[in-house]
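*Asks:* Using the sequences and the hints, build the whole thing.
Position one of the sequence shown corresponds to residue 13 (the numbering used here), numbered consecutively onward.
The set of hints was computed from the structure by calculation and includes no laboratory data. Note that this is a predicted model, so its numbers are computed, not measured. The beta-carbon is built from N, C-alpha and C at its ideal position, and this holds for glycine as well. Honestly, I wouldn't trust all of these hints.
Simulated pairs of lysine to aspartate or glutamate, EDC-like, Cα-Cα distance not exceeding 20 Å [said to hold, decoys possible]:
(1) K60 with D39
(2) K111 with E77
(3) K52 with E77
(4) K111 with D39
(5) K111 with E87
(6) K58 with E143
(7) K60 with D115
(8) K111 with D126
(9) K46 with E77
(10) K52 with D62
(11) K111 with E32
Label-pair ranges, simulated between beta-carbon atoms [stated by the list, open to error]:
(12) N29 with T74: 18 to 24 Å
(13) A24 with T74: 55 to 61 Å
(14) F86 with I146: 36 to 42 Å
(15) D59 with I146: 51 to 57 Å
(16) P165 with Y90: 37 to 43 Å
(17) E32 with F86: 46 to 52 Å
(18) I64 with L28: 30 to 36 Å
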Amino acid sequence: MNNGIPISGGFALNHLNRPEQTFFSADPNLLAMKFNFYLKSEIPLKDKIDLIPSLAVYSQGTHREILYGGLFRFETMYSAIHNIYFGGWIRHGDAGIIKIGFDYQNVNIGLSYDLNFSSLRVASNGLGGPEIGIVYIFNSPSPVPIPAKKTCPVFL
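*Replies:* Listed below in structure tokens is the structure:
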């Protein structure tokens, strides 16, 4: 189906029981359910260069956020820094986001900056804002070996 290109995705549905948001009002103010969806792929372009396109959709009540874009990943020859990333996304109808980052051992460190092009541009003087992300990647546990098939003894 995907010609060997890895594709990953996921979704989440939060606030299924729609809890009340207030303790002091007789009027029910129920929290809307929240839906998250993402899709990502890793496409090899050249030796040690990959394109990582992605799509994310967030929805809660009448609010929607759609992000699409991706990163270029460059594998390095250094032992501690495995990959260097750069790229960007569009937050549909709102902003552009640029990012640079790298993988250092089991830690991904990134710096991103979003540039507003919506009506919020007035509030940020057209600048936007920086973000720093630090993600620790835990090692996957070793798979548990499955014992060889054994027949049950007959005790009768």
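*Asks:* If a hint holds in the structure, say so; if it does not, say that too.
*Replies:* We went through each hint and held it up to the structure:
no., hint, in the structure
1, K60 with D39, "58 Å, violated"
2, K111 with E77, "19 Å, holds"
3, K52 with E77, "17 Å, holds"
4, K111 with D39, "44 Å, violated"
5, K111 with E87, "17 Å, holds"
6, K58 with E143, "30 Å, violated"
7, K60 with D115, "14 Å, holds"
8, K111 with D126, "9 Å, holds"
9, K46 with E77, "12 Å, holds"
10, K52 with D62, "13 Å, holds"
11, K111 with E32, "38 Å, violated"
12, N29 with T74: 18 to 24 Å, "20 Å, holds"
13, A24 with T74: 55 to 61 Å, "19 Å, violated"
14, F86 with I146: 36 to 42 Å, "20 Å, violated"
15, D59 with I146: 51 to 57 Å, "29 Å, violated"
16, P165 with Y90: 37 to 43 Å, "57 Å, violated"
17, E32 with F86: 46 to 52 Å, "49 Å, holds"
18, I64 with L28: 30 to 36 Å, "31 Å, holds"
Hints 1, 4, 6, 11, 13, 14, 15, 16 from the earlier list are contradicted by this structure; the remaining hints agree with it.
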